[in-house]
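This is what each chain is made of:
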Amino acid sequence: MRLRIRLAKLGLARFLSHLDLQRVVERGLRRAELPLAFTQGFNPHPRISYASALATGTSSEGEFIDVDLTEPVEPEEFLARANGALPADVRLLEARPAPESGESLMAQINAAAYRLTLEGADEAALQAAVARLLEAEEVVVTREGRTGPRPVNIRPQVYALAVEGPGELRALVQTGSKGNLRPEEVVAGLAQLSPDLAGVALVRAHRLMLYRRDPETGECVEPWSL
Amino acid sequence: MTEALRERIERVLPRVSKPARYTGGEWNAVVKDHDKIDVKVAWTFPDAYEVGMSHLGSLIMYHQINRRDDACCERAYAPWTDMEAEMRAEGIPLFTLESWTPVGEFDIIAFPLLYELTYTNLLTCLDLAGVPLLAAERTAEHPLVIAGGPCAFNCEPLAPFLDVAVLGDGEEVIHEILDTYKAWRDEGRRDRRELLRRMAGITGCYVPGFYEVSYNPDGTIREYRPTEPGVPEVVDRATVKDLDSIDYPTRPVVPNTQIVFDRAQVEVFRGCTRGCRFCHAGYITRPVRERSPEEVQRLAREIVRNTGYSELSLVSLSTADYTDVQQTVGRLSDELRCDGVNVTLPSTRVDAFSVAVADAVSKVRKGSITLAPEGGSVRIRRVINKTVSDRDIRDAMRAAFQSGYRAVKLYFILGLPTETDADLEAIAEKGHWALEIAEEELGRQEARKVRVTISVSVFVPKPHTPFQFEPQVTLEEAKRRQQYIKRFLKDRRIEYKYHDPDVSHIEALLSLGDRRVADAVLRAWQMGARFDGWNEHFDYDLWLRACAESGVDVDFYTYRKKGYGERFAWDHLSPGISREWLIDDHRRAMSELEVEDCRWENCDLCGVCMRYDVLPTLKPAGFVGEDELEVTDSTG
Ligand code: SF4
Chain H
1 MRLRIRLAKL
11 GLARFLSHLD
21 LQRVVERGLR
31 RAELPLAFTQ
41 GFNPHPRISY
51 ASALATGTSS
61 EGEFIDVDLT
71 EPVEPEEFLA
81 RANGALPADV
91 RLLEARPAPE
101 SGESLMAQIN
111 AAAYRLTLEG
121 ADEAALQAAV
131 ARLLEAEEVV
141 VTREGRTGPR
151 PVNIRPQVYA
161 LAVEGPGELR
171 ALVQTGSKGN
181 LRPEEVVAGL
191 AQLSPDLAGV
201 ALVRAHRLML
211 YRRDPETGEC
221 VEPWSL
Chain D
1 MTEALRERIE
11 RVLPRVSKPA
21 RYTGGEWNAV
31 VKDHDKIDVK
41 VAWTFPDAYE
51 VGMSHLGSLI
61 MYHQINRRDD
71 ACCERAYAPW
81 TDMEAEMRAE
91 GIPLFTLESW
101 TPVGEFDIIA
111 FPLLYELTYT
121 NLLTCLDLAG
131 VPLLAAERTA
141 EHPLVIAGGP
151 CAFNCEPLAP
161 FLDVAVLGDG
171 EEVIHEILDT
181 YKAWRDEGRR
191 DRRELLRRMA
201 GITGCYVPGF
211 YEVSYNPDGT
221 IREYRPTEPG
231 VPEVVDRATV
241 KDLDSIDYPT
251 RPVVPNTQIV
261 FDRAQVEVFR
271 GCTRGCRFCH
281 AGYITRPVRE
291 RSPEEVQRLA
301 REIVRNTGYS
311 ELSLVSLSTA
321 DYTDVQQTVG
331 RLSDELRCDG
341 VNVTLPSTRV
351 DAFSVAVADA
361 VSKVRKGSIT
371 LAPEGGSVRI
381 RRVINKTVSD
391 RDIRDAMRAA
401 FQSGYRAVKL
411 YFILGLPTET
421 DADLEAIAEK
431 GHWALEIAEE
441 ELGRQEARKV
451 RVTISVSVFV
461 PKPHTPFQFE
471 PQVTLEEAKR
481 RQQYIKRFLK
491 DRRIEYKYHD
501 PDVSHIEALL
511 SLGDRRVADA
521 VLRAWQMGAR
531 FDGWNEHFDY
541 DLWLRACAES
551 GVDVDFYTYR
561 KKGYGERFAW
571 DHLSPGISRE
581 WLIDDHRRAM
591 SELEVEDCRW
601 ENCDLCGVCM
611 RYDVLPTLKP
621 AGFVGEDELE
631 VTDSTG
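Top to bottom, those sequences are chains H and D.
In terms of the working numbering, the first sequence opens at residue 1 and continues consecutively.
In terms of the working numbering, the second sequence opens at residue 1 and continues consecutively.
Next comes chain H alone, as it looks inside the complex (with noise of 0.2 Å):
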């Protein structure tokens, strides 16, 4: 059985590298003596999946997780008794049973939605910086690479962005293997178009949720219906 579960990276626990947060979730699953399926092999795992990797400083309340069982467990009693297990800023918000076929959760997400709050934001240059990304066709920004830093366009990665109250904006963005913004570029870019929040910070990133979108209508669907 596969139950697909949402997941919370809270409080302190936003610090957590995305190594870490699965190193945590499996430890709690394994404390909460849960049916987990081992994967086969010299080093054996539970076959847990990940939706999308969130870096270390973000806190979520919108990560995704795949967790095969080797027999049935009332969603239920999984969310109270790995709950039960796991440190208090990591949090399993709902539980519905998944298909065990078809492709990877990672594989299908490609847009998330985040909450941003900024420190040092005068509102009405924030509105009006947030006009002008969305009536923009290039806004270039300087991405950390491996290969060092180098120009890129982040315009077409930014499906949605609104202020949702005082130094507080709300953004639908690019996620996953095929091209990742992170939410520290989209505040680069305002920056960029906005002399006047070039001392803006970003003082918290937190993801609200993960989403299947569909480049042509741009309509999104959440997990569960993956």
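Since the hints were made in silico from the structure, they are not lab data.
Every value quoted in this text rests on a predicted model; they were computed, and no experiment measured them.
Check each hint, because a few of them may be wrong.
[Stated by the list, open to error] To give a feel for the contact side, a few chain H residues facing chain D, derived at Cβ under 10 Å:
#: 1; residue: Leu16
#: 2; residue: Arg31
#: 3; residue: Asn43
#: 4; residue: His45
#: 5; residue: Glu74
#: 6; residue: Asp89
#: 7; residue: Val90
#: 8; residue: Glu94
[To be verified] To give an idea of the chain D side of the interface with chain H (calculated C-beta under 10 Å), a few residues:
#: 9; residue: Arg6
#: 10; residue: Pro14
#: 11; residue: Lys18
#: 12; residue: Thr23
#: 13; residue: Gly25
#: 14; residue: Ala29
#: 15; residue: Lys32
#: 16; residue: Pro217
#: 17; residue: Asn256
#: 18; residue: Asp262
#: 19; residue: Asn306
#: 20; residue: Thr307
#: 21; residue: Asp339
#: 22; residue: Asn342
#: 23; residue: Pro346
#: 24; residue: Asp597
Every residue gets a Cβ at the ideal spot worked out from N, C-alpha and C, and that includes glycine.
Start from chain H and add chain D with the ligand according to the hints.
Showing chain D with the ligand alone in chain H's frame:
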């Protein structure tokens, strides 16, 4: 207060490397209400989180303190240099991971001292805690600063900074320390000297401030004189007689982030009497005391359940020597395999038997196996009492290739007493042996894939060992010998690894140093020395400058051959071994004579057991005979 501090810490974390080292929140971390606690201990590891969290002794002591209702133990670690800079810039004090409480607000700050190159980090921690570095400047308001672990047996280079050093096994003595502290505090927490006097009365506790040292004109020590009535001339160590009677942590803190030894650990025995003459650990932890196989199995099972670890390690100074090793390992592997848990041994003894034991548990893809003959030639191995024959080495290599290993790592020590170029050539020769044996076992074709690593470290003479009288080889000579070995390595499949000997030189200074070396430690720290055990941070020239400025002659401590009659800085800190025995054993070393292991053979009268009323304790399994084991094997 702590909430505000937590917020300030959170603000700097996005700017530092590996921030998860500073966030706490781990499974099994113990968070207590400080209002209901009498004595608060900040267990402060003077190295990075990933090193400190791997230290079994710290997990044991954390449990010993926290199992009391009237005490709490919280953890702090030396902040990495980027974090230290942020903390200083923002005025953030050293804090504990459990509650973000400033370390300076605890009653006791406890430092485990595992290796000398952490001494400057200890000063960083004290300084960031806002505690005066010098014990003499602390008042009744300040925390009591204590230190324990292997280096406590010569903590003289730290003497001015420590209130109390604790010698030996900590599990029982810590309770005496906490009780004593509590009583003093209940009486009004007035006279710090009075507290120290009482501490000095506990077996295992050393109060450096209660001794006056005088020196001879040639710079050697004349005498240590106790300055308070009732303070012992020689401080005895604390000794746990039976490991089975000691409560062992079955709910160790499980790290969220990667650490060095990221696995469950069960200590199967303490002490080692193989008698390798260079090995500090072997002389300060005598005699061998085993935990019973039944207890090992029970603990292993509980720890795995309580942590979710996928690997369990049976640890000790030489686990292949554990009486019930084969059966215990077999049983545990069979039992834990269904939960996807591997059983591992931390090291392999150099013989076919231990390679077989290691192989039996190795469920991971065959990587490399590590063998440590330590000395290249039979002769030098007799000098260091590493009782491994050339045949053992060949058999171990053969067993390794037969069981599927394709990489062998060989560890040696360079600069051992009496070493000649012939002994160095013998080191190189062992690399070629491994290749020959690989060809015999695997055929020429397959043997092409074999990798042999020869890793050579520089000998550091250690206190309380028979080699305490010996000088360290000079820097220039160490470099020459390193290069000399290289000349005899003639195969691309052999990788040769050696370190800059200058790290070992400073390690020797801090190992063999006396109180006067403390000035150099302080000066080096002031000049910026941090994380000296890490290559990227170690700065030899800085240390030499610090020594010069503080009038410390490094060569006096490190390159001088010492007489049997010399009074050493550590002679009043006793692991229980008599000077006469050390002299005898040094003489035997010079005559290339081996000594037997007293756990299996006769007592050699080193002095420990008589002094501390203990005995070597071996514990064969009580409940599984060989017949039953057969059954277990065939089902597994
Ligand atoms: S006193 Fe004897 S039995 Fe005890 S550790 Fe020393 S040599 Fe071994």
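Structure-based check of each hint:
1. Leu16: Leu16(H) check passes; min Cβ-Cβ to chain D is 5 Å, inside 10 Å.
2. Arg31: With a closest approach of 4 Å, the Arg31(H) hint holds.
3. Asn43: Asn43(H) check passes; min Cβ-Cβ to chain D is 5 Å, inside 10 Å.
4. His45: holds, 7 Å
5. Glu74: Since the shortest Cβ distance to chain D is 22 Å, the answer is violated.
6. Asp89: holds, 6 Å
7. Val90: holds, 9 Å
8. Glu94: Since chain D brings no Cβ nearer than about 22 Å to Glu94(H), farther than 10 Å, the hint is violated.
9. Arg6: holds, 8 Å
10. Pro14: holds, 5 Å
11. Lys18: Nearest chain H Cβ about 8 Å off; hint holds.
12. Thr23: holds, 4 Å
13. Gly25: holds, 5 Å
14. Ala29: At 9 Å from the nearest chain H Cβ, Ala29(D) passes the 10 Å test, so the hint holds.
15. Lys32: With a minimum Cβ separation of about 16 Å from chain H (threshold 10 Å), the hint on Lys32(D) is violated.
16. Pro217: Because about 58 Å separates Pro217(D) from the closest Cβ in chain H, which is outside the 10 Å limit, the hint is violated.
17. Asn256: Status holds, d = 5 Å.
18. Asp262: The hint holds - Asp262(D) has a Cβ within 10 Å of chain H, the shortest such distance being about 8 Å.
19. Asn306: Result: holds, 7 Å to nearest chain H Cβ.
20. Thr307: Holds - the Cβ of Thr307(D) comes within 10 Å of chain H, reaching about 7 Å at its closest.
21. Asp339: Holds - the Cβ of Asp339(D) comes within 10 Å of chain H, reaching about 7 Å at its closest.
22. Asn342: holds, 7 Å
23. Pro346: Hint violated; Pro346(D) Cβ to chain H Cβ min 18 Å, cut 10 Å.
24. Asp597: violated, 35 Å
In the structure shown, a violation is registered for the earlier hints numbered 5, 8, 15, 16, 23, 24, in ascending order.
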